[in-house]
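Asks: Sequence:
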Amino acid sequence: ILQKLFGWRETELRKWLRKLGSLFPVTKEANNEVITPYHKSLADWITDEAKAGEYFVSAKDGDRVLAEGCWREYHARKDDLSGMSDYSVIYLSSHLQAAERLSEKMVLESDERFVQERRRRLVMRNIHLLAVAEHDRWIFEKLQHGWRFGAQRDNSKKVHPFLIPYDGPPDDEQNSIRDYAMRRELE
1096 ILQKLFGWRE TELRKWLRKL GSLFPVTKEA NNEVITPYHK SLADWITDEA
1146 KAGEYFVSAK DGDRVLAEGC WREYHARKDD LSGMSDYSVI YLSSHLQAAE
1196 RLSEKMVLES DERFVQERRR RLVMRNIHLL AVAEHDRWIF EKLQHGWRFG
1246 AQRDNSKKVH PFLIPYDGPP DDEQNSIRDY AMRRELE
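So for the sequence shown, the numbering used here puts the first residue at 1096; every next one is plus one.
Treat each hint with caution, since some may be false.
[Unchecked claim] Straight line, CA to CA, 27 Å or less: simulated BS3-like cross-link-like pairs of lysine-lysine:
| hint | residue 1 | residue 2 |
| --- | --- | --- |
| 1 | Lys-1110 | Lys-1099 |
| 2 | Lys-1110 | Lys-1135 |
| 3 | Lys-1114 | Lys-1155 |
| 4 | Lys-1200 | Lys-1155 |
| 5 | Lys-1135 | Lys-1114 |
| 6 | Lys-1200 | Lys-1099 |
Note that these hints are calculated values from the structure, not bench results.
My request is simple: use the sequences and hints to build the entire structure.
Replies: Here it is, written out as structure tokens:
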């Protein structure tokens, strides 16, 4: 998003990121690079003008810049929201709120296509957690009905090999659990 906001080329972005050093590492989140403070205390310090002095960064100004950039992206792509960045879809409403652009936030939240796209992106971003929760629910239900773990499935004896933590079943079973959790969540 920084690259879009400031119109930087890839090399300019990388040069700027190197200056941040280890205090603001770049990590991967849902296939996107995210800049995060090394520790929350750093973020608290840098946004406190009295403590940070010349290093102060205004969170309010940041919200205004991000709200404007994401709002421009929304307007440019509102006919095809699938072309919007995950960041803009997920955080635009929050930045509009923080920047006190409430009329635009109301427009956004009354756009049913946007609301559905945001929900879809949030589900996709958290599908692993949803799948783990669904598997845990299924195990609990099985155990409540007298099932137990066993190497071979046997319905008559109430034995099942997948009464184990989510990461235990084979990939095809995990995919099935993820698909089921996603369908349930998007209904």
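Asks: Run every hint past the structure and note whether it holds.
Replies: Status of the hints after comparison with the structure:
1. Lys-1110 / Lys-1099: holds, 15 Å
2. Lys-1110 / Lys-1135: holds, 24 Å
3. Lys-1114 / Lys-1155: At roughly 23 Å apart (the allowed maximum being 27 Å), Lys-1155 and Lys-1114 satisfy the hint.
4. Lys-1200 / Lys-1155: At roughly 16 Å apart (the allowed maximum being 27 Å), Lys-1155 and Lys-1200 satisfy the hint.
5. Lys-1135 / Lys-1114: holds, 19 Å
6. Lys-1200 / Lys-1099: Judged against 27 Å, a Cα distance of about 21 Å means the pair holds.
Of the numbered hints given earlier, the model fails none.
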